[in-house]
Amino acid sequence: MGSRALGLALACCLLLAFTCGLVLGRVPRGQEEQQEQEGTKDPPLDHTERAEEKHEKYSPRQGDEPSASRCFRCCDPGTPVYQAIPVPQINITILKGEKGDRGDRGLQGKYGRTGSMGARGHMGPKGQKGSMGAPGDQCKNHYAAFSVGRKKPLHSNDYYQTVIFDTEFVNLYGHFNMFTGKFYCYVPGVYFFSLNVHTWNQKETYLHIMKNGEEVVILYAQVSDRSIMQSQSLMLELRDQDEVWVRLFKGERENAIFSDEFDTYITFSGYLVKPAAEP
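Counting with mature numbering (1 follows the signal peptide of the UniProt record, and there is no 0), you get residues -25 to -1, 1 to 254 for the letters of the sequence shown.
In case anyone wonders, no lab produced these hints; they're calculated from the structure.
Possibly wrong hints are sitting among the right ones.
What the hints assert, rightly or not - Computed list of lysine to any residue pairs in SDA-like fashion (alpha-carbon distance at most 20 Å, straight line): (1) K178 <-> Y195; (2) K225 <-> Q177; (3) K126 <-> G105; (4) K178 <-> G226; (5) K178 <-> T137; (6) K186 <-> Y135; (7) K249 <-> V162; (8) K225 <-> K249.
Claimed, not checked - Simulated DEER-style distance windows between Cβ atoms: (9) G72 <-> A94: 50 to 56 Å; (10) E212 <-> Y86: 54 to 60 Å; (11) E143 <-> V198: 31 to 37 Å; (12) V192 <-> R228: 17 to 23 Å.
From the three backbone atoms N, C-alpha and C, an ideal C-beta is built for every residue, glycine too.
Using the sequences and the accompanying hints, generate a full structural model.
See below:
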C-alpha cells in the first residue's frame, strides 16, 4: 500500500507542475495595458483616436505574428488556434507495490438475538444401515422352581429345628440350598409353596413355614392312633434375597414327622407364579 500511494502522489505533482507552467507563462490583460501605457507616455487621445488605436491594437498587421503572451478574444479576426497539448499518461501498474501481509484477526462480536424457529423441513432420504452395536447385559431369568423331599424321620427336642431335605427332585438354577434347607429368592415376584408330611402314631405334628425368621403358616395334627398325610400351602410375595424354609416346633409333648428309607413321605415345593418385573 505504501508504494502505490507514493506513485500516485508523484503523478499528481507532475501534472500540477505542468499546469502551473502554462498559467504563469501568460500575462494578464490589465497588466499588459498598464505596461504599454507606462512605456509610451503619449498624450491623451480623443474618442476617435482611442477607437482607432484600440482597433489597431487588437487587429494585428499583415506579416506580424501575434505575441505569445498577448490575450485574444474568440471574436477577434485572426485569433490564433492553439494546439491541444496531450495529457501525459502514467502506467499505474509500474507503481503498484507488492501485496502486504494479512492483518491480525479482530475480536469476536456479540451474539445476535435468537431468531424464531423455522418451519420443519422435508423428510430426507433413508440413511445407510449402521454397524452392529455392542452386546447388552445378560437377561435375567424369570423362572424359579424347586421340589425337595426327606426320607428320614425327625423328632423334636428342647429347641427349634430347621427341616433339612436329602432328596432333590427339581432345583432350577440352584435357588434352594440343600445344606441349609432354605429357598433363596433371586427373582422377585409372587411364589406358591406347598408342604406335605406324614404324621406319627400317638405323636403330635407341629411345623411352621418360615419367611425371614417369621412364622407365616402352621401345619398341625393332633395325637391319633392312626398316621395320616397332612399338607399346607400358601402364596407369598418375595423380594430379592428373601428366605423361605420349614421349621419343626419344640413343644411340651413329643413332636415328630414320619418317613423311611424306602419311600419319601415329606416334601416341600415352590415355584414362581409372576415375576415382579412384568407389568
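Structure-based check of all given hints:
1. K178 <-> Y195: Distance of about 11 Å is within 20 Å: holds.
2. K225 <-> Q177: Roughly 17 Å separates the two Cα atoms, so the pair holds.
3. K126 <-> G105: 60 Å, violated
4. K178 <-> G226: Holds. K178 to G226 sits at ~11 Å (cutoff 20 Å).
5. K178 <-> T137: 19 Å, holds
6. K186 <-> Y135: Between K186 and Y135 the Cα gap is close to 15 Å, so the pair holds against 20 Å.
7. K249 <-> V162: 10 Å, holds
8. K225 <-> K249: 35 Å, violated
9. G72 <-> A94: 50 to 56 Å: For G72 and A94 the Cβ distance comes to about 52 Å; the hint holds.
10. E212 <-> Y86: 54 to 60 Å: Given range 54 to 60 Å: holds, Cβ gap about 58 Å.
11. E143 <-> V198: 31 to 37 Å: 32 Å, holds
12. V192 <-> R228: 17 to 23 Å: 21 Å, holds
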